[in-house]
Amino acid sequence: MKVDQELIKRVAKNARLELTDKELKDFEKQFNEILEYFNLIQDADTKNVKESFHPIEIKNHLREDIIKDSLSQDDALKNARHQSNNYFKGPKAI
Amino acid sequence: MKDLQKKLKDINKEYNYFNVICDDLQEQYKNANKKGKLYGMPISIKDCVCVKDVETRGGSKILEGYKPTFNATVVQRLIDQGAIILGKTSQDEFGFGSFSTHTYNIPKNPFDKTRSCGGSSGGSAGITRKLSDLKIKHVSIAESTGGSIACPAAFCGVYGYTPTYGLFSRYGLLDYGNSLDKIGIMADNLKDIKTVFEVVKGYDEKDSTSLNLEKTPLNKDDSIKKVAIIKETLNVDPEIKEAIIKTVKAKFGSYDEISLPIVEKYATPCYYIIAVSEASTNLAKYCGLRYGAAEELKGTFDEYFTKVRTKYFEPESKRRIMLGTFTRMAGYRDAFYLKAAKVRTMIINEYKKAFQKYDLIISPTMPIVAPKFSDIEKLTPLQNYMMDIMTVGPNLAGLPHLSCNAGYSKKEKLPIGIMYIANHLNDYKLMNDKLK
Numbered sequence: 001m002k003v004d005q006e007l008i009k010r011v012a013k014n015a016r017l018e019l020t021d022k023e024l025k026d027f028e029k030q031f032n033e034i035l036e037y038f039n040l041i042q043d044a045d046t047k048n049v050k051e052s053f054h055p056i057e058i059k060n061h062l063r064e065d066i067i068k069d070s071l072s073q074d075d076a077l078k079n080a081r082h083q084s085n086n087y088f089k090g091p092k093a094i
Numbered sequence: 095m096k097d098l099q100k101k102l103k104d105i106n107k108e109y110n111y112f113n114v115i116c117d118d119l120q121e122q123y124k125n126a127n128k129k130g131k132l133y134g135m136p137i138s139i140k141d142c143v144c145v146k147d148v149e150t151r152g153g154s155k156i157l158e159g160y161k162p163t164f165n166a167t168v169v170q171r172l173i174d175q176g177a178i179i180l181g182k183t184s185q186d187e188f189g190f191g192s193f194s195t196h197t198y199n200i201p202k203n204p205f206d207k208t209r210s211c212g213g214s215s216g217g218s219a220g221i222t223r224k225l226s227d228l229k230i231k232h233v234s235i236a237e238s239t240g241g242s243i244a245c246p247a248a249f250c251g252v253y254g255y256t257p258t259y260g261l262f263s264r265y266g267l268l269d270y271g272n273s274l275d276k277i278g279i280m281a282d283n284l285k286d287i288k289t290v291f292e293v294v295k296g297y298d299e300k301d302s303t304s305l306n307l308e309k310t311p312l313n314k315d316d317s318i319k320k321v322a323i324i325k326e327t328l329n330v331d332p333e334i335k336e337a338i339i340k341t342v343k344a345k346f347g348s349y350d351e352i353s354l355p356i357v358e359k360y361a362t363p364c365y366y367i368i369a370v371s372e373a374s375t376n377l378a379k380y381c382g383l384r385y386g387a388a389e390e391l392k393g394t395f396d397e398y399f400t401k402v403r404t405k406y407f408e409p410e411s412k413r414r415i416m417l418g419t420f421t422r423m424a425g426y427r428d429a430f431y432l433k434a435a436k437v438r439t440m441i442i443n444e445y446k447k448a449f450q451k452y453d454l455i456i457s458p459t460m461p462i463v464a465p466k467f468s469d470i471e472k473l474t475p476l477q478n479y480m481m482d483i484m485t486v487g488p489n490l491a492g493l494p495h496l497s498c499n500a501g502y503s504k505k506e507k508l509p510i511g512i513m514y515i516a517n518h519l520n521d522y523k524l525m526n527d528k529l530k
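For the record, the sequence lines run as chains A and B. Under the numbering used here, think of the first position of the first sequence as 1, with each following residue one higher. Under the numbering used here, think of the first position of the second sequence as 95, with each following residue one higher.
For the record, the hints were derived by calculation from the structure and aren't laboratory data. Treat the hints with care, as some may be off.
To be verified - Once the Cα atoms are required to be at most 30 angstroms apart in a straight line, the calculated BS3-like pairs of lysine-lysine come out as:
| hint | chain 1 | residue 1 | chain 2 | residue 2 |
| --- | --- | --- | --- | --- |
| 1 | A | K50 | B | K451 |
| 2 | A | K68 | B | K295 |
| 3 | A | K22 | B | K405 |
| 4 | B | K131 | A | K68 |
| 5 | B | K451 | A | K78 |
The model shown is predicted, which means the values in this text are computed figures rather than measured ones.
Isolated chain B (complex conformation) (with noise of 0.2 angstroms):
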């Protein structure tokens, strides 16, 4: 445990895909529980789910010093099971973010620095692809709200799993959009995804939108019989679409194509308009008075939190706050958030419809390989907001989605991202040994 340590650190210099780590690592092996399921099990948490006194911030300056004084539940199953918490993975702040460059600690793709990891889960991804290329066993908890989890798998070539919503308990994670966020899980291989998601899946008391099994059980059945092409996720790059279509072939022979148009058409800003609201009330907590960042108490309390806020909150978070408390001011709240709510539902629809015929829906996960930092520089909000196409669809409806490598780009050998989409509570689908 001393050299993985010695060596986590080694790669943080270079890389920064740790905000913290942990310095127990020795102690925690040897007071794990040697009978459980994932005895010495070295695993890193998203700095967005909160870990018994170790610094927390969700990526954030708002949160500096903050040591949650309990456990999220997610990670109190692992450590029951024995696992080895080695520390929080850097993203953007709050996970407001596809490149995990809206923070202080920006992860580097572990195939080339000058690179995105993808976000926001971006430092989960980075650490998990470069601790499996020096052989060394590794999970990572990332979370999703419109496909953070997804994304940076794809960029850095490794396994991503968002669970249906509701089957991972969020209690313990800092709140992005309550009616989006999931936990999930990274690693390298499918089977370490299915032994942590049989320890950490199920009900928990402290969170109400938590699903209850035993009323609504998981489907066991994990046969793939039929799978389809979202067609319009076709049109990107021609190496992209290559290399989805050679991937789905080798692994089930034939498949249909199938067009979503209400999902092409409304996701996206379907999903920005319900995610900024919800974060904009989320965000409202965060004042420099129960923890965090704090400022010398002066002024009224309106004076106080406004400093605070406009301190320590990153661009991108302002700019989700306020369009957040636009879409749900006075005279504009029907118009935007109801609206969306109710676009939503079409959206779900539209899926449960496909899923009577199929078992999988299938896309790219990105539309483009990782991008350079100078690169994203240069995008709009807007245009950033637009490389979410694909994912934000499946996080919308709650669906559970892989995603899974699909090869490399030719000139730069990048990895590009196949993402798999099943029903709601048909997970087992997606650890069916076809997708290895």
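Same shape as in the complex, but just chain A (with noise of 0.2 angstroms):
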């Protein structure tokens, strides 16, 4: 597999990441290295093995449904710095 420019173009959109030519260039060659090495994991037999999303067993505990205080719109808001009639401000949507 060969990472090309136009590849790490797609992936800085879809992560919202701006890259300069230097940056773009560094990432190609950087890119290759690092997914080469990645690839290494693809020599190991995983037939009928099952995926581990952890690494321990986790069984899901659901709490009682009682209404409790959670966080208020104030302190939600006190590390905004746009904010508008108690909500968050954010960029033109539209």
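Mind docking these for me? Both chains are given alone in their own frames, and the hints should help you get the complex.
As structure tokens, this is what we get:
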């Protein structure tokens, strides 16, 4: 598998990152090197092996459905620089 | 407490162990729970763990100014027992690194300021060593995803304990990789680690991956009968190999050598695939909207988010976000992320098999002693990742492990770390006096 600058640009767009020409060039080289290393796992015989999404068996625990205090609106907004009428203010959507 | 505050500030000017030093130590002491198990105990907290009203950035510029409105569960449990929170320790941005160099505040090794403390909990390890040298009682709360407690503990010559995955609540921890992140403890002695362990461990309904110890209890048996060294990990500097064997012989008399070929071959690539995949989704929330750094609201959502993320993330974070976005993309997900999750099962099984015979599995913590910053600069990203070869295995498998000092290198007089790995929920074996 060969990674080229077009693919890197696509990944960056998905990740919401803008790369300079130098970063694009550096990433291309580093990606090819790192992905070749990642590819080592392809040799592993994983036939009939199930995925582990956690290292130890985790059981779902559901809490009782009781109303409890949660983050207040004031607290939720405390760290937001842009706000309006007690809401987060974001950039234009349309 | 006033003296301590001044001392911390003085140390920090020279070594950069704290991103924030709390200015209310005296007040905390006055109000602390006098009957608590940790009354008056000074504790530093890695920057990625939330402390109410104290700037918490995980070593990142993108969280500049963020002051949590709540305490992480671990922090709350410490405060409830009378601990004094000293401040937030420096680290690689969001834990992305092995040398604490991917950040705006780089901690310097207490043995040699031209060298790294290790990472990513570098500040925690550095201050633990420094305060120990000054005979000041102190414990640090650190965090590990792939070795971020063991590595700096080894480079700074202190004890670094990483618990079984799920044993300490992750509520209030800035996520790196959810299935890998573990809050842990550093100290200059095992007794303090055990005391803090008893206070912070246990179920938390706020963390969906928290272990319910009533259903999956800890093994109270701390005895160590049989140990083994992982043969492949002895292919390191002869001085490190010698220190490990000498320490094991002195503590246990006899030992076996075992081979873990699946861990040896696949753990590092498997770890990095899973870690970057999880990290890239976790870091999607940092976009200059609800907390942290923000810019003037201009352009569309995508343009604004892209501007903030591009400006404030460190290059290494960008690299890991990019790699993780790639390994989860349509067409590549099966070959990388899902394949790695299967290899992870094989790795866990290989360890489990070894634990049928042995109480502890042992290796050097790191293949090297603390490197110079000038040498770290020369490493490629992949060479950087390879440095974690000893620590990623137990982290990937969620196994509890402890790094201790095993002596010093002859030439540079730098600490060498030895790592003890135990089976899931056998954390008490790591607090056995034999490991002192």
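* **Violations among the numbered hints, reported as their numbers in ascending order** => The structure conflicts with hint 5 only, although it agrees with all the remaining ones.
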